[in-house]
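What follows is each chain in one-letter form.
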Amino acid sequence: MIRDSQLFQPFNDEPISLIGETGAWEGPFDLDLDPAALRGMYHDLVVGRLMDERLSRLQRQGKVSFVAPSAGHEGAQVGLAHALERGRDWLFPYYRDTSLLLAFGLPQVEMLAQAMATRADPNRGRQMPSHNGSKDLNIFTIASPIASHVAPAVGAAISMKVQGTGQVAVASFGEGATSEGDFHAALNFAGAQGAPVVFFCENNRYAISVDYNHQTGADSIAAKAHAYGMPGYTVDGMDVLASYYVMREVIERVRNGLGPVLVETLVYRFGPHSSADDDSRYRPREEVEAWKRRDPLLRFRRFLEKQGLWDDAAEAHLRAEVEASLQAATAEAEAAGPIPVEWMFDDVFAQRLPHLEEQRHDLLD
Amino acid sequence: MADAPDTRPMTLVQAVNDALDVALSQDPRVLLFGEDVGMGGVFRVSDGLQGKHGEARVFDTPLAEAGIVGYGIGLALAGMRPVAEIQFAGFLYPALDQVLSHLGRYRHRTRGRFTVPMVIRAPYGGGVHTPEQHADSPEAVLTQAPGVKVVIPSDPMRAKGLLLAAIEDPDPVFFLEAIKLYRSVKAEVPSGHYTLELGRARVARAGDAATLVTYGGMVEVCLKAAEVAAREGVELEVIDLETLAPFDAATVMASVEKTGRAVVVYEARKIGGFGAEVAARIAEETVWSLQAPVLRVAGWDAPYPPFSAIEHHYRPDARRVLEAVRKVLAA
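For the protein sequence lines, the chains are A and B, in the order given. Letter 26 of the first sequence, counting from 1, is numbered 26 in the numbering used here, and no numbers are missing. Letter 4 of the second sequence, counting from 1, is numbered 369 in the numbering used here, and no numbers are missing.
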């Protein structure tokens, strides 16, 4: 087993990478994942990418009001999802985590129903698209204000520590979030109290149009961990296995009570910030094209081919299967029909209060 | 209160301390935290509680209000009953993102699957020479957060019962404690556990000439004004709202329909203060009973003075309340 010793050193200068651009395994240890697990990761990468494309199509068709595309982030996200214990650990995600949520178990129909605000959405259309959550899966429901979920992740982690459950909380966010005061407050709390929490930064170099060098004077996001008394790692987020192995080691460390960790994954957002953004105004096309050549799906597919686990037929089969599944989920979500407006007044408080009932009545009259 | 017949004289500080002690004793999920809470807090509200209940349940946090509230939200989501202290209500502002983005929206956002049964206590208001922001009254801002309850007690006995009800409530509750009342009054407080219902206003003094609608630290000011008026044969009714959100409009309207005259008294800035909501509701619901315009007596629309030499001119007193009463009676 590789778990006997620490494989990765914090505050590394070069990002941790295990698969080369050609798909060759370059890890300093033997791979210990079986073919089914490796194919499962690729499946989740493809599901995330195709869901992302589908949500953008639905947005252009006017069926979805807003999308935060996450293509380019899949490697980091799927690696994280596979390192967590589904249904046990807690996720505090942000709005660019499509692949993470799906790979952690969020049903496709729930994501689509929420995006289209239909009756099939368990949260009754009360959250904007790309802001999912799930009580069943311990997924904190996302809010747009940047970094506002990071301190709640620390509180939840302390609750788990107090109750001795051995669970781990993970908060994910972009590099822009690290500028917020709430981010500092949260990491400082976690360091001071030894919270079982992992801070997972998806550094795609742009907070809408503001680039990394205008966001921070720090050499890396991981370097910020030092000041909070926790280790910080920088990982090649276009490499799903690098994300998986680093997160596996980090989560085990946190689960064993050794305190919080900050992990920075270097990724790139292939699309605009959101469906309301035109990224050609601030990002040179050559830069986008150069990053697309490092596509996490392509790199992992090359790896699988080199391992003798993948070929064109398998690819065609998988894509057809995933598209069929997404098509069926879309149809199911749409068929449920739009949410009724009077649902707006439910669940404001535990009790139904007279003034809200009056307002419901006023609206429907 | 049937099971707790014994009473002891207590200040509001002691009554809140007693309520926290009862809550910590009866429910292991209750955690008490904030800045300097371990040593008792700057107003000594949590005195002795860390020694009795241990550092795991009564503890200091780093100095970050956004962290305190955000962290508490996470604790509540994952099964605890957090009671957070913000040192002064005027220091709450860094945490408003947590309050407005998460605290009160969580139940609605998740269709009641996740809830935030959390209490945030904070001293508020002026009257004891705590300068400027240490004397702020931001309650109206908090009533604008959907899904959040706002409770402001006016005496020790009610403070204890309302705080225990707040801690047991399934929804997030702001519990604001008037600094002026912390040590100025002693009253009999039942020992042990009892609760008072949230969301109910009460008639603090019955009368028929005009209605004073108020809450928190202004209740004693209005009662004093009512005493003075009574000497001149004018009986004022004083309504203590106790809970601002949800607002018990029915009790207020019943009184105004009876007296036909209303003065709303609060110490926050006049513009957009919670008294403006009360006045608007009176106009919406009982305008035909009114025999005079609804008046407000409030803090001025300037920051609370940082110097005690002029502080007493800011906070409404019985004299200003009575001036307004004379106007509505003359109308």
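These are computed hints drawn from the structure, not numbers from a lab. Ideal placement from N, C-alpha and C gives every residue a C-beta, glycine not left out. Possibly wrong hints are sitting among the right ones.
Straight-line Cα separation of at most 25 Å, SDA-like style, residue types lysine to any residue; simulated pairs [what the hints assert, rightly or not]: (1) A:Lys161 / B:Pro393; (2) B:Lys417 / A:Lys135; (3) A:Lys135 / B:Arg476; (4) A:Lys161 / B:Ser390; (5) A:Lys161 / B:Leu660.
Stretches of chain A that chain B covers, calculated by requiring three or more beta carbons in the stretch to come under 8 Å of a beta carbon on chain B [said to hold, decoys possible]: (6) 30 to 41; (7) 119 to 126; (8) 249 to 260; (9) 290 to 296.
Against the structure, the hints:
1. A:Lys161 / B:Pro393: holds (14 Å)
2. B:Lys417 / A:Lys135: violated (35 Å)
3. A:Lys135 / B:Arg476: Between Lys135 (chain A) and Arg476 (chain B) the Cα gap is close to 10 Å, so the pair holds against 25 Å.
4. A:Lys161 / B:Ser390: holds (21 Å)
5. A:Lys161 / B:Leu660: violated (53 Å)
6. 30 to 41: Since three or more residues must qualify, the claim that chain B covers the segment 30 to 41 of chain A is violated, with 0 doing so at under 8 Å.
7. 119 to 126: Holds: 4 residues of the segment 119 to 126 of chain A have a Cβ under 8 Å from chain B.
8. 249 to 260: violated (count 0)
9. 290 to 296: violated (count 0)
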